[in-house]
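Asker: Listed here are the chains, written in short residue letters.
Number of protein chains: 2
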Amino acid sequence: MSPPLLLSRVLKLGLIQMSSTDDPDANLDRALASTREAAARGAQVICLPELFRSRYFCQTEEHRFFELAEPIPGPSTDAFTALAADTGVTVIVSLFERRAAGLYHNTAVVIEGAAGCLGRYRKMHIPDDPRYFEKFYFTPGDLGFRAFPTARGVLGVLICWDQWYPEAARLTALQGAEVLFYPTAIGWHPEEKAQYGQAQHEAWELSQRAHAVANGCFVVAVNRTGFEPPPGAPALGEGIEFWGQSFVAGPDGAIVDRADATEEGVRVVAIDLARCEEIRTHWPFLRDRRIDAYGDITRRHLGAP
Amino acid sequence: MSPPLLLSRVLKLGLIQMSSTDDPDANLDRALASTREAAARGAQVICLPELFRSRYFCQTEEHRFFELAEPIPGPSTDAFTALAADTGVTVIVSLFERRAAGLYHNTAVVIEGAAGCLGRYRKMHIPDDPRYFEKFYFTPGDLGFRAFPTARGVLGVLICWDQWYPEAARLTALQGAEVLFYPTAIGWHPEEKAQYGQAQHEAWELSQRAHAVANGCFVVAVNRTGFEPPPGAPALGEGIEFWGQSFVAGPDGAIVDRADATEEGVRVVAIDLARCEEIRTHWPFLRDRRIDAYGDITRRHLGAP
Chain A
11 MSPPLLLSRV
21 LKLGLIQMSS
31 TDDPDANLDR
41 ALASTREAAA
51 RGAQVICLPE
61 LFRSRYFCQT
71 EEHRFFELAE
81 PIPGPSTDAF
91 TALAADTGVT
101 VIVSLFERRA
111 AGLYHNTAVV
121 IEGAAGCLGR
131 YRKMHIPDDP
141 RYFEKFYFTP
151 GDLGFRAFPT
161 ARGVLGVLIC
171 WDQWYPEAAR
181 LTALQGAEVL
191 FYPTAIGWHP
201 EEKAQYGQAQ
211 HEAWELSQRA
221 HAVANGCFVV
231 AVNRTGFEPP
241 PGAPALGEGI
251 EFWGQSFVAG
261 PDGAIVDRAD
271 ATEEGVRVVA
281 IDLARCEEIR
291 THWPFLRDRR
301 IDAYGDITRR
311 HLGAP
Chain B
11 MSPPLLLSRV
21 LKLGLIQMSS
31 TDDPDANLDR
41 ALASTREAAA
51 RGAQVICLPE
61 LFRSRYFCQT
71 EEHRFFELAE
81 PIPGPSTDAF
91 TALAADTGVT
101 VIVSLFERRA
111 AGLYHNTAVV
121 IEGAAGCLGR
131 YRKMHIPDDP
141 RYFEKFYFTP
151 GDLGFRAFPT
161 ARGVLGVLIC
171 WDQWYPEAAR
181 LTALQGAEVL
191 FYPTAIGWHP
201 EEKAQYGQAQ
211 HEAWELSQRA
221 HAVANGCFVV
231 AVNRTGFEPP
241 PGAPALGEGI
251 EFWGQSFVAG
261 PDGAIVDRAD
271 ATEEGVRVVA
281 IDLARCEEIR
291 THWPFLRDRR
301 IDAYGDITRR
311 HLGAP
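Chains A and B supply the protein sequences, listed in that same order.
Residue numbers for the first sequence follow my numbering, beginning at 11 and rising by one.
Residue numbers for the second sequence follow my numbering, beginning at 11 and rising by one.
Calculated from the structure, these hints are not laboratory results.
A couple of the hints might just be wrong.
Since copy identity is lost for identical chains, a pair holds within one copy or between any two.
[Said to hold, decoys possible] Derived lysine to aspartate or glutamate pairs resembling EDC-like cross-links, with alpha carbons at most 20 Å apart:
#: 1; residue 1: Lys145; residue 2: Glu72
#: 2; residue 1: Lys145; residue 2: Glu77
#: 3; residue 1: Lys203; residue 2: Glu288
#: 4; residue 1: Lys22; residue 2: Glu47
#: 5; residue 1: Lys203; residue 2: Asp262
#: 6; residue 1: Lys22; residue 2: Asp267
Bound conformation, chain A alone (with noise of 0.2 Å):
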């Protein structure tokens, strides 16, 4: 039986880096112009940062910021949706989710060529910490962590917070994710920045290098850049720095390319899929995993009761 590792399948990613403003129709308009970009250049699978559409509006917790929200399908996805069926790209679109009223969420929607919407991933993991309100505005998702089979391959989907939490990326990557993809929103407090802005940013790629590791995939986070000021008053904090420097990792966990911090734009990256099974022979940490003593994953905490 000849090594399936030595037939290559490259493919190529689209990572669009982006600010947003408080105009969510140009933010549209944007993020479309930047998708037919990549597309032009080649990409086959195009990410765009979470909740593109909006200035990242959890920085404070106002009961107007829900009229930014839209159903599935809506205009964000029959955006996309056309653009696909034009070009035959994968995209996946971050948006901000309305399920029913009084019911949101934090939603990336698959959209492929011809075929349409291949489904959704709703976000598990939400935040809520200063200027970062999302708990305010989003449902945790009831979809559990999904892998969507395209026909690019199979293309994992986590959003921002997720990051994190290494069961997140190994509950998607057992599925048989070749690559998950984060659309992110994530930045610095200016005020903090000097003191623990390289230790923050370091901590979010290497974990997120290290899902790539322990799991033998590649990952692909696509981050907004640009400073957003609070959309109140100055009074309720310094505003977000949002800090850029998109990357793909490979299944070695390897930087293989990463967007500067504060620079737009559109990145096409070539990789190669069998890269996955190449590693996981070599680094062949799924076969040693124990199962039988993994159980207590599923509880809050093992000491304090």
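Mind docking chain B on chain A? Use the hints.
Answerer: Same frame as chain A, but now just chain B:
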């Protein structure tokens, strides 16, 4: 209620990075001397590398090497129990455990001051790769993942290949571990080093730093150093160049201390266990774990039947 995170809990760690010769008694003597040196320099919790009492015999599969195994209690634990009683330190001692005829484990024992042996951890994940033929020698651990309450804090003990498994770190940290110790014997195949050496070492270090981040605890990896030729004929391989670089990572993932690749020596590193609670409140990952959705972690795969 005053915030407990302001109460400093400084702990002095001792890391013994060493190479081993083919004389087990000489290796034990040097390990004891280094441990005494660490204690004299103020170390309170001291960790030795994996299987320091012998060459890394797993480079080949030879029945004669089972003679290196010892019971618990046995010569190694007796010697370190005496040392701990004498100096008051807590020490993590890796050894080749003979449990019964034909039943052996790769084990680490926690020994503390006058209390003596607090318990043992048996390596749960056993590798089997060229020059790391551990499945021949070691039965996978049957004691589960373990954190030990000690006079110095709650200490988690894992061993080498466990480093690659986020489940192992999580299940140990959830028991309250504030520090995860990894006695280790890992290195480069000399003939691969130029091409893959940097990526291999980086993956190793970042995976463990990611455990520190995900769990908000310290991670201490204590590795062997030095070159060891294969025990048999040269045709069996080119040996292993153990890559040293023992390190301490903080709960934010930052490297607190790192030894170099080739030097033997005792490192004494002060850490503040209060940092765990500080980091965990700022990066509240444990709060948001989706324990309702992690059950499939105990399955081998979720795609292939």
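Asker: Take the hints in turn and mark each one as holding or not.
Answerer: Going through the hints against the structure:
no., hint, result
1, Lys145 with Glu72, "within (12 Å within a copy, 58 Å between copies)"
2, Lys145 with Glu77, "within (17 Å within a copy, 59 Å between copies)"
3, Lys203 with Glu288, "between (39 Å within a copy, 18 Å between copies)"
4, Lys22 with Glu47, "within (13 Å within a copy, 55 Å between copies)"
5, Lys203 with Asp262, "between (30 Å within a copy, 15 Å between copies)"
6, Lys22 with Asp267, "within (12 Å within a copy, 39 Å between copies)"
Every hint, counting from the list given before, is met by this structure.
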